[in-house]
Structures are given as C-alpha cells and as structure tokens.
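Asks: Sequence:
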Amino acid sequence: DVRGKGLMLSLELVKDRQTKEPAVEEAANIIEMTRHQGLVISKSGGYKNCLRLMPPLCLSIEDIDYIISALDNCFSSNQLK
Numbered sequence: 025d026v027r028g029k030g031l032m033l034s035l036e037l038v039k040d041r042q043t044k045e046p047a048v049e050e051a052a053n054i055i056e057m058t059r060h061q062g063l064v065i066s067k068s069g070g071y072k073n074c075l076r077l078m079p080p081l082c083l084s085i086e087d088i089d090y091i092i093s094a095l096d097n098c099f100s101s102n103q104l105k
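Residues 25 to 105 (the numbering used here) make up the sequence shown, in order.
In short, the hints are calculated from the structure, not lab data. All values derive from a computational prediction rather than experimental measurement. Careful: at least some of the hints might be erroneous.
To be verified - Have a look at the derived ranges for each label pair, beta carbon to beta carbon: (1) Asp-87 / Lys-44: 27 to 35 Å; (2) Asp-87 / Gln-42: 34 to 42 Å; (3) Cys-82 / Val-48: 27 to 35 Å; (4) Asp-25 / Glu-56: 17 to 25 Å; (5) Ser-101 / Arg-76: 16 to 24 Å; (6) Thr-43 / Pro-79: 29 to 37 Å; (7) Gly-62 / Gln-42: 32 to 40 Å.
For glycine and all other residues, C-beta sits at the position ideal for the given N, C-alpha and C.
With the hints as extra help, turn the sequences into a complete structure.
Replies: If you want it as structure tokens, here you go:
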C-alpha cells in the first residue's frame, strides 16, 4: 500500500497481499540498502514494515530520479529474496 500527503509518503510492505503479513525484515533490509546509496528513509507503522519518505521541498527532478532508481535497485536485489 502506498499512502501520502504532499511529499510525505509511506510504502507499506507485506509478504503476501492476501494475508497482509507485515514484511518487517524486508523493510529493515531495504532501509539498510538505501542508506548505502545515500538515502535517508525511516521505518514507521505498528509493525515497522512501512518505509517513510519525507524529501525536502527543494527536491529536483534529478533527485526524484535518483530516489526511484535507488529504491528499484533495492527491491530488485537478490538480498530480499
């Protein structure tokens, strides 16, 4: 699930879309991987399975492209499987 208001975004990670089992370990792994790529993303939610993004208002198109690319690399990584 993706939710947000303005530039505040949250991506809720689940292991199974039917059961909605929280993907706690996967969220922690993504946080660690994105830190190595220079991004500051935090965990939120009752199970800490939500990725919270709050970029600055002076965000450029290049910054957005970098964030998307970094997240794509993390989600595509074999370390999550």
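Asks: Between the beta carbons of Cys-82 and Val-48, is the distance compatible with 27 to 35 Å?
Replies: Holds, since Cys-82 and Val-48 (Cβ atoms, about 33 Å apart) stay within the stated range.
Asks: Taking the beta carbons of Gly-62 and Gln-42, is their distance inside 32 to 40 Å?
Replies: At roughly 35 Å between Cβ atoms, Gln-42 and Gly-62 fall inside 32 to 40 Å, so the hint holds.
Asks: Return holds or violated for the Cβ distance of Ser-101 and Arg-76 against the range 16 to 24 Å.
Replies: Roughly 20 Å apart at Cβ, these two residues keep to the hinted range, so it holds.
Asks: Between the beta carbons of Thr-43 and Pro-79, is the distance compatible with 29 to 37 Å?
Replies: For Thr-43 and Pro-79 the Cβ distance comes to about 32 Å; the hint holds.
Asks: Quick one: are Asp-87 and Gln-42 within 34 to 42 Å, going by C-beta?
Replies: Taking Cβ atoms as reference, Asp-87 and Gln-42 lie about 35 Å apart, which means the hint holds.
Asks: Return holds or violated for the Cβ distance of Asp-87 and Lys-44 against the range 27 to 35 Å.
Replies: Given about 32 Å between the Cβ atoms, the range holds.
Asks: Look at the Cβ atoms of Asp-25 and Glu-56 and judge whether their distance stays inside 17 to 25 Å.
Replies: Check passed, 22 Å falls within 17 to 25 Å.
Against the hints set out earlier in the document, no violation occurs for any number.
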